[in-house]
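Protein chains in written order, with the numbering used here: chain A, 1 to 321; chain B, 1001 to 1501.
Keep in mind that the hints were calculated from the coordinates and are not lab data. Just so it is clear, the structure is predicted and the values come from calculations on it, not from any experiment. All clues given are correct.
Computed from the model, here is a short list of chain B residues facing chain A with C-beta under 7 Å: (1) Pro1328; (2) Val1332; (3) Val1349; (4) Gly1351; (5) Met1352; (6) Ser1361; (7) Ser1367; (8) Val1371; (9) Leu1372.
Straight-line C-alpha distance at most 30 Å; calculated BS3-like pairs for lysine-lysine: (10) B:Lys1475 with B:Lys1319; (11) B:Lys1238 with B:Lys1177; (12) B:Lys1238 with B:Lys1045; (13) A:Lys12 with B:Lys1391; (14) B:Lys1261 with B:Lys1475; (15) B:Lys1161 with B:Lys1185; (16) A:Lys119 with B:Lys1139; (17) B:Lys1261 with B:Lys1281; (18) A:Lys119 with B:Lys1364.
Quick reminder that beta carbons are idealized off the backbone N, C-alpha and C, glycines included.
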Amino acid sequence: MTRRLSRETLIKWAPLLVLLALVIFFTALNPTFFSLRNFARIAIASAPALMVAVGVTFIIVMGSIDLSMEGTISLTAVAFAFIFAQFGGSLGGMGWIAIPLVLVLGGAIGLLNGIVHVKLRIPSFMASLAMGFVGTGAAILLTGGDIVKVSDAAFRGLLTVRWLGFPLMVYIAAFFLFVAWFIQTHTTLGRNFYAVGGGEDLAHASGLNVTRVRVTGFALAGVFYAIAAILVVARIGQAESVTGSNFMFVSITSVVVGGVALWGGIGGVWNALVGVLIVGVIDNGMVVIGLPDFVQDGVLGLLVIVAVVLSTDRKMVSFVK
Amino acid sequence: MYQLKAVDKKFPGVHALKAIDFHVERGEIVGLVGENGAGKSTLMKVIYGAYQPDGGQVLIKGVPVRFANPRQAMEKGIGMVFQEQSLIPNLTVMENIFLGYEQQFVRFGVVDWKAMARAAKAQLAKVKLDIDPGMVTSKLSFAQRQLVELAKVLTLEERVKGDLVILLDEPTSVLSKEEVQLLFKLVRELTTRASFIFVSHRMDEVMDLSDRIYVMKDGAVVDVVARGGATAEAIQHKMVGRNVDKQYYREHLQAPYDASKVLVEMDRVGLPGRIQDISLKLHAGEVLCLVGTEGSGREAILRTIYGMLSATTGQLRIKGEDAAGYSPRHAVAHGVGYVPRERKVEGIVAGMNVYENMTLSQMKNHSRGGVLRVAEERALARDWIKKLSIKAHSEFADCGNLSGGNQQKVVLAKWRSGGSDIMLLDHPTRGLDIGAKEDVYDMIRAMSAAGVGIVLVADTLEEAIGLSHTIIVVKDGRIQKQFACEPGAKPTPYDLLHYMI
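Bound conformation, chain A alone:
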C-alpha cells in the first residue's frame, strides 16, 4: 500500500520535477536562460499551445482523442482575419465582433466533430483527424493559399503591450486556463468528463447522458482551439492555411508529458500547463544552448515515450492495441 501510494505520488509530481530540473539544467549551461525576457519569450510561444492543450485535455480525460486541432486552428484563424477585416479591421471599431463569432465557429466545428464521432460511431481519432483535414482544406479554399495580414495596432497590442514584463496574450491565456480549471472542478460537465473517462458503462448506469457529454466535450475543445487561433494571429500578425500546423504534435506531447493518462480519467488542466511549459522550456532552452531544431523534435519524441512508460502501470494492461 505504501509503495503504491509513493508511486502514485511520484507520478503526480514527476512532471513538475522534470520542469524544475530542465530549468536548472538550461540555466547551468547558459545563465541568460534564467531571465524575465527569456521567460516572456517562452510564455508567448506557449500561450496558444496551452489553449490547444487544455482543449484536448478534456477530450483525453474522456478517454477519446482529438486530432482536429490543426485544421480547426487554420480555419478559425483565417475566418478571424476575414471577419475582422470585414468589420473595419480595427479592434477599436466593430472588429471585436470577430472574436465571439470565431469562438462560436470553433465550437461548431468541435460539435460537428463530436456528432460525427458519436452518431456515426467512428473512432474519435479517425473522425477528428478527418475533420481536421476538412478544416485545413476549407482554410485553403478561403485564402486561395494566400496570407491574410492583420495589422491593427490595438489587436496586435495583445503582443506588444506588456504588463510586468509579459504581453497581454499571456494573461488572456492564463484567464482561460482558470476558466478551464473552473469547468473541470466546479461544473457537472467537468465531473462528467471524468466519469466517462473513468468508466463509460458506469457513467451510463448512473444515468448520465454519455453521448451528450462526449459531443459537448468536443465542442468545448473547439472553442479552446479558436482561442488559440486568435492568440496565434495576434502573435504573428497574419493568418493562412498552415497557421495550425505543428499544434497537433506539440499539444498532445504536452498533455501526455504533463501526466494526463491516455486511457482517460486521470489528469487535468494543471497537467496540461506543466506539460506545455516542459515542451516550451525544451524548445527555448535548446535554442539558447545552440542546438539545431531537428534535435528538439527528437528529444520531445523520446520524452513522450518516457512519460507514457512512467505513467502506465503495465501490470494492469494485459495487451496494448
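Knowing the structure of chain A, use the given hints to seat chain B on it.
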C-alpha cells in the same frame, strides 16, 4: 489417476477450498455440483492450473506435481472446455484448434496450411464434426463451437504421454435437448481416450452422465455419491442443508410492506431470448427476491426495470407511469437506483473520490446552471460516511483504494442520498466478508423500513430467504413460482431448489 489430497485455497477474507480430497480414475466421468459460491469454480481453476493451492498435494499417478499456469497443466494432460467459449471468433477453426501449437506445421518459417487442415480434420473427426477446418469460427453455431473446443482439448492426446483429464464447465447451458444428448453420447464414447470432470447446474444431467458425483458446499466436499447412490432430492439437500441463523439476516426486523402502494409493475413483459411473460409487482417497503440459476433471467429482469434493456412485449410501469422506451437516465429520474454485480465496471469510478462518486447520479441536485456546489457535496458525503460508517480517511479518499465492503456502501449511499426509492440490488454481498455482509443486510432492512422497494438478486438461497418478503423463482426466463416469506413461515432452500432446476 488424478488426485487432490487435502487441497486448500484461501483468498483475502474467504476460505475458498477447505481440505479437498478428490480423485478421478481412468475413463471415469465425475460430476461436480454445488450452489453458486460453493467453490466449484475455484476447485476447477486449481485442477487446470489457473490457481495454485495454498496447501495439500496434487498427484498424477501418485507423483506430486505443481502447475504454475494452465499451459503446464495441459502438458500433463489436463484440458479445460470453457463455459464462456475461449475460441477466437475471427480465426479459422484449424487456427483455433492449434493456437499456440502451430510450430509443428512450420517448415522453414512458413506455415503448411494443408498439413494443419489435415490434422484439424482428424481432430474434428474425434468429435464427429464434419466441417471445413478453414471456416471462420464465428460462422459456427454455438453447439458446433463447443465441439471445436472439445476437439481442441483432445489434441492433447497426441501431444501428451499418459492419460487425459478434461474439465467440462457448464457445457450444456446453451444447448438444446437434442444437442445435449449428442454431447453426452460423445463424452461417453470418448471415455476410452480421457476422463471427464463435469460441472453443471442441471441436476438431472449430472446424474445422467456421471459415474460419481462430488457435492460441494462452503468450500468443502460434503459427500461423494456413486451412480444411483442417491436421489436428486437427497443431493440437493446436501448442497444447501445448513442451519440458518435467523439473527444473521435480521429477520426480527422484517416489517410488513405497504401493499397499497405499487412502485413497479411488470405485466407479461418479454424480451426474446432472455425473459418471457414476466408479471410482478413491487410494493413500497417490500424486499422482492429473484431466485434462479445463473442465466435464468434474473439479471435481465433487473436491467429491464432499469431501462438498460427494453422489453419488446408487455408493459412495465414505474410508479404508475408507462416506462416504455426508458433509458437509465429516465429510470434514475424516477427514483430507481441500481447496484450492479460488477462494482468495478458499473458501481464506482476508481480514481474519483468518495463525494464525486456519491453525487454522480444526482449532480442536478447539487448544481445550478451546471456549476456544482462542491461544499454541499462534501457535506453530504461526510454525512453518509458517518451514517454508514464507511472506512475512508475523508470524503477525498479515492474510491478505488477502498475495500469491497466500503465501495459497496459508497454505491448504496450514492442512490440513497439521491432519494431513490426503488433499489435494484444485484449480488450486493458478493465478495464481501461476513462483517461487511451484515452491514449490507442492516442497510437493506433500514431501506425497507423507510418505504423503499427493493428487488434483490441474492448471493445464496439462505440470503434470499432470510431477507425477502416475497420470492419469485425464475427458470429459463419464466416465472416458475412465487413464495410469500413472512418471518417464521419462510420456505426452505429445498422448496426453492425444486423449482430452480
